[in-house]
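Residue numbers (the numbering used here), protein chains in the order written: chain A, 21 to 505; chain B, 5 to 369.
Keep in mind that the hints were calculated from the coordinates and are not lab data. It is possible that some hints are incorrect.
[Claimed, not checked] Here are the simulated PhoX-like pairs of lysine-lysine, each with C-alpha atoms no more than 25 angstroms apart in a straight line: (1) 127/B with 70/A; (2) 147/A with 361/B; (3) 348/A with 425/A; (4) 147/A with 335/B; (5) 147/A with 70/A; (6) 85/A with 70/A; (7) 361/B with 215/B; (8) 127/B with 85/A; (9) 85/A with 335/B; (10) 348/A with 215/B; (11) 215/B with 127/B; (12) 147/A with 215/B; (13) 85/A with 147/A.
[To be verified] Every beta carbon over 12 angstroms from chain B, so not counted as near; a handful from chain A, in silico: (14) 33; (15) 304; (16) 310; (17) 397.
Remember, it's a predicted structure, so these values are computed and weren't measured experimentally. In this text, a Cβ means the ideal position worked out from N, Cα and C, and glycines have one as well.
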Amino acid sequence: MQDISYPINDFGPVIKGMVIGGLGIFHVFLAQFAIGGGMLMCYFQWLAQKGRSAPARRFLDGYFKVLVLVSFVAGALTGVGMWFTTIQISPRTIGVMVEEFHWIWATEWTFFCLEIAAGYAFYRCGKGLTDGARMTLLMLYTVAAWFSLFWINGILSWQLTPGGWTHDRSVWSGFFNPSFWPSLLFRTIVSLTIASLAACVVINAIGAFTREERAELIRRAANCLAPMVLMPLLGVWYLAVIPEDSRSWVQGGSAAMTMFMGISVAASVLIGGYALVGLIWQRLYVSGATATLLLSLAFGATAGGEFVREGVRKPFTVREYLYSNAVKADELAALRRSGGVTADPFPLRNAGAYPTEQLRLGAKVFRFQCSVCHTMSGVNGLTHLAGTWTTEQKRMNIAKLQHTKPFMPPFAGNAEELEALVQLLEWQTAGRPGRWDQSTDRAVIREVQEWLDEAGTAPGTEPHTVGGASPASPDTRQPGKQEGR
Amino acid sequence: MDRMLPFGLPGPTAFYVSLYVATLAVHVVFMNYVLAGVGYLAVASFRGKRKGADGGPVELSDVLRDWMPFATSAAITAGVAPLLFVQILYRKEFYTANLLLFHRWMAILPLLIVGFYLLYLLKTPWIGGQSAVVRGVVALGALACFSFTGLSWTENHLLSTDRASWPGLYERGSMVYYHPQLLPRLGMWAVGAIPTMCALAAWQMYYLQRKGAGVDPRQPRNLARLAIAGVLLSVACGAAYWRQLDASAQGHIVGKAAGPYFAAACFGLVLQVGSWLAHAPRSDFRRQALMVCTLGLALTIAGMTAVREAIRLSVIDVSPLYAQHADAARKGGLVVFVVFFLVNAGLIGWCLCLTRKRSESATVE
Ligand code: HEM
Chain A
21 MQDISYPIND FGPVIKGMVI GGLGIFHVFL AQFAIGGGML MCYFQWLAQK
71 GRSAPARRFL DGYFKVLVLV SFVAGALTGV GMWFTTIQIS PRTIGVMVEE
121 FHWIWATEWT FFCLEIAAGY AFYRCGKGLT DGARMTLLML YTVAAWFSLF
171 WINGILSWQL TPGGWTHDRS VWSGFFNPSF WPSLLFRTIV SLTIASLAAC
221 VVINAIGAFT REERAELIRR AANCLAPMVL MPLLGVWYLA VIPEDSRSWV
271 QGGSAAMTMF MGISVAASVL IGGYALVGLI WQRLYVSGAT ATLLLSLAFG
321 ATAGGEFVRE GVRKPFTVRE YLYSNAVKAD ELAALRRSGG VTADPFPLRN
371 AGAYPTEQLR LGAKVFRFQC SVCHTMSGVN GLTHLAGTWT TEQKRMNIAK
421 LQHTKPFMPP FAGNAEELEA LVQLLEWQTA GRPGRWDQST DRAVIREVQE
471 WLDEAGTAPG TEPHTVGGAS PASPDTRQPG KQEGR
Chain B
5 MDRMLPFGLP GPTAFYVSLY VATLAVHVVF MNYVLAGVGY LAVASFRGKR
55 KGADGGPVEL SDVLRDWMPF ATSAAITAGV APLLFVQILY RKEFYTANLL
105 LFHRWMAILP LLIVGFYLLY LLKTPWIGGQ SAVVRGVVAL GALACFSFTG
155 LSWTENHLLS TDRASWPGLY ERGSMVYYHP QLLPRLGMWA VGAIPTMCAL
205 AAWQMYYLQR KGAGVDPRQP RNLARLAIAG VLLSVACGAA YWRQLDASAQ
255 GHIVGKAAGP YFAAACFGLV LQVGSWLAHA PRSDFRRQAL MVCTLGLALT
305 IAGMTAVREA IRLSVIDVSP LYAQHADAAR KGGLVVFVVF FLVNAGLIGW
355 CLCLTRKRSE SATVE
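Excised from the complex, chain A in its bound form (with noise of 0.2 angstroms):
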């Protein structure tokens, strides 16, 4: 337990799953252009050198530049962006990653490399190659990037469904997880549909073509939106594999989780419909204006799916193994006991404006165990959240958290910090008053007790079924709750 206490950063009024699923959103659009655009390269290089598309090879070069300004730059960056973001955000994830995964991440490394040779040396000579060399290269870069997906999705899809992991703790077991395939099959879809939508804007951005040779590159890009048919095949398959409760948040159990998803599903069957009825059955043309519109439209797409990605693992960000708030599984009945800020060496930045040492003791404890999904009184903030609830629904649902809602990890610490944390939020409630009491009634400790006795260290389940898995029954729980509504 030695490493569980980083110093942890204020993000203002932002939560942290937001900064990641930005930047991720970037991150994921880029380098899934890359790979589809690999694709695309590689079916338009085939059309050239089988004379069926004359002006193919010019707007290949032309393409291959805004691909490697793109990817190679932005899309590489942000890749080590998202690795020191999710280093900010939760370095306890990121360490068990590298730790089980380190040569997973090796090897998608050496692939990264063969991904930049072939495509520099494309870049720099491919104008001047046969048609052969300039094929060999392209399918080169193109199964390189593909293969970076295929181990990276394995780390990240290990993250929601670690699979046979959680009992033999072998690496395949959790790379090859119930949802490996299903989310690599629909991440290759994607990045078809984002390259050959790009290509439809290149094609109109470049100066050079006449309205037929447009017209043609255009019909010859818009094939490759067609395997955009199987995309509900493969998120049924997805939706399947998952953990049931994850599967509830994005069907109507989280309204933002549902929001994000719908947005995400909306934008692709726009899209999708779009291709498949306009762009290949009728053959229509497509402008520059239209083709940015439906790029925009991916782009509304990947956001929401990477919020959902970042979402749906909650109380996770490891499944059953990790807590979201860096507190691991098996660590939260020896926390419950010896507390869990009680070793943290990192002060607090503004103890000055807390009045005692129980809401700096409060304060602590919001910090290490809420602040990564809540803010105090900005996006999902508790003091909006449980502002009406009384002392007692405080204690009590905050006692028995992973009930209250199961997408929140049970309570890491023990009834004293849980007393603080109630204090601390009774106080901000209150507008941050200069003088406040001290809570120090042995009764209220006993009984903060045993409510977090009663909820056990064990994930939260379904409300329905709770009692089930632990001895909260719904009747301890609702009526504080109704109350405070």
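Place chain B with the ligand on chain A using the hints.
This is chain B with the ligand only, laid out in the frame that chain A set:
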């Protein structure tokens, strides 16, 4: 550590330390090229006139400008491997330093993107039509971005080894860490980069020379001067840095742990200076002298990277981390990595061969 690095360490720790040092050395090669190269471009852009498309003899700045974006890509890509191993070796230290520097640390990413695009901008025809000031400012902008990155890595490194300062820094929320070693250490990286850049650029010009491109005959002399100045300045910064080190770190450097590496690094400097002195009076680049120079460079970089690690190991107590390293070493996947490492290295070689397959009709960009 009373034996030569990494032999004084338990197996798993020694294994990861070796991988870390080896991969970091590769990062240092490219990073040096970028850092010194952009610095040179910044100075040169303010001075000289940009040549037209027809050229005139090839000079150092032509080569640098042409290859700088690729070298940056390579530096970044090569940085990923040590980034992986540093997290296994010194997880807590590295993450804590990252977190304490917070926005300051994260800023290197947008700045690297900006720096990268500025390098591409330096290659465009558009910039050729601009005044020396505009070109200078663009190059200076890129230099600023990369220097900031270098500063941040050094700062992060020193902070990661200074546990005692962590709580105070956090409390102040300052995101800036100062240590008396910071400037001399950074200085060593900055001027130490110059000889690397000179050696790599000399090879590039050597090949251009062989292909019959007109290489400016003053280049060997200019590069020799630059490289020797770089060596002398690094020695000066090294001395300043040495004075800031405490006795135990100094003991490690000249003692059993790192002494042989330090000696190799110094010998490498001598080889480099020797080969540059041989080049100075010439008007073309010589293969043999360049090979000696490269050998010297390899010794210096590998030696200093190992010395750098010995200094860190003298400051932080790694013994509590041994168990963590042993845990990591038990995880699967090593074989798969080795296989793909070899396969992909072969494929990268193939890519290079393919670039020779010129079609009859085409021209090279
Ligand atoms: C081109 C821009 C870059 C420059 C100029 C640069 C410069 C440096 C310098 C000066 C150091 C040595 C720090 C010291 O020991 O005092 C260093 C170390 C390092 N760099 Fe880079 N770097 C760059 C980009 C990157 C990137 C993008 C990555 C990651 C992908 C990276 C990974 C590393 C790692 C892992 C270390 C070792 C850190 C440690 O052991 O504490 N570098 N870099």
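So, going through the hints one by one against the coordinates:
Between residue 127/B and residue 70/A the alpha-carbon distance is near 34 angstroms, which puts this suggested pair outside the 25 angstroms criterion. Taking the CA atoms of residue 147/A and residue 361/B, the gap is near 11 angstroms; set against the 25 angstroms cutoff, the hint holds. As the CA atoms of residue 348/A and residue 425/A are separated by approximately 19 angstroms, the hinted pair is consistent with the 25 angstroms bound. For the proposed pair residue 147/A and residue 335/B, the alpha carbon gap of about 45 angstroms is over 25 angstroms, so the pair is violated.
Among the hinted pairs, residue 147/A with residue 70/A is consistent with the structure: their alpha-carbon atoms are about 17 angstroms apart, no more than 25 angstroms. This hinted pair checks out: residue 85/A and residue 70/A have alpha carbons roughly 23 angstroms apart, not beyond 25 angstroms. For the hint linking residue 361/B to residue 215/B, the alpha-carbon distance of about 16 angstroms falls within 25 angstroms, and the restraint holds. Distance hint between residue 127/B and residue 85/A is fulfilled; the C-alpha atoms sit about 14 angstroms from each other, no more than 25 angstroms.
With a C-alpha separation of about 40 angstroms, the suggested pairing of residue 85/A with residue 335/B is violated against the 25 angstroms cut-off. Annotation: proposed proximity of residue 348/A to residue 215/B is violated, straight-line Cα distance about 61 angstroms (limit 25 angstroms). Restraint check: the Cα-Cα separation between residue 215/B and residue 127/B comes to about 22 angstroms, which is no more than 25 angstroms; the hinted pair holds. Taking the CA atoms of residue 147/A and residue 215/B, the gap is near 20 angstroms; set against the 25 angstroms cutoff, the hint holds.
Restraint check for residue 85/A and residue 147/A: satisfied, since their Cα atoms lie roughly 12 angstroms apart, inside the 25 angstroms limit. Interface exclusion of residue 33/A from chain B stands, the closest Cβ pair being 15 angstroms apart, more than 12 angstroms. At roughly 35 angstroms from the closest C-beta of chain B, the C-beta of residue 304/A stays outside 12 angstroms, upholding its exclusion from the interface. With a least CB separation of 28 angstroms from chain B, residue 310/A remains clear of the 12 angstroms interface cut-off, as annotated.
With a closest Cβ-Cβ approach of about 20 angstroms to chain B, residue 397/A is found to remain outside the 12 angstroms limit, as its non-interface label requires.
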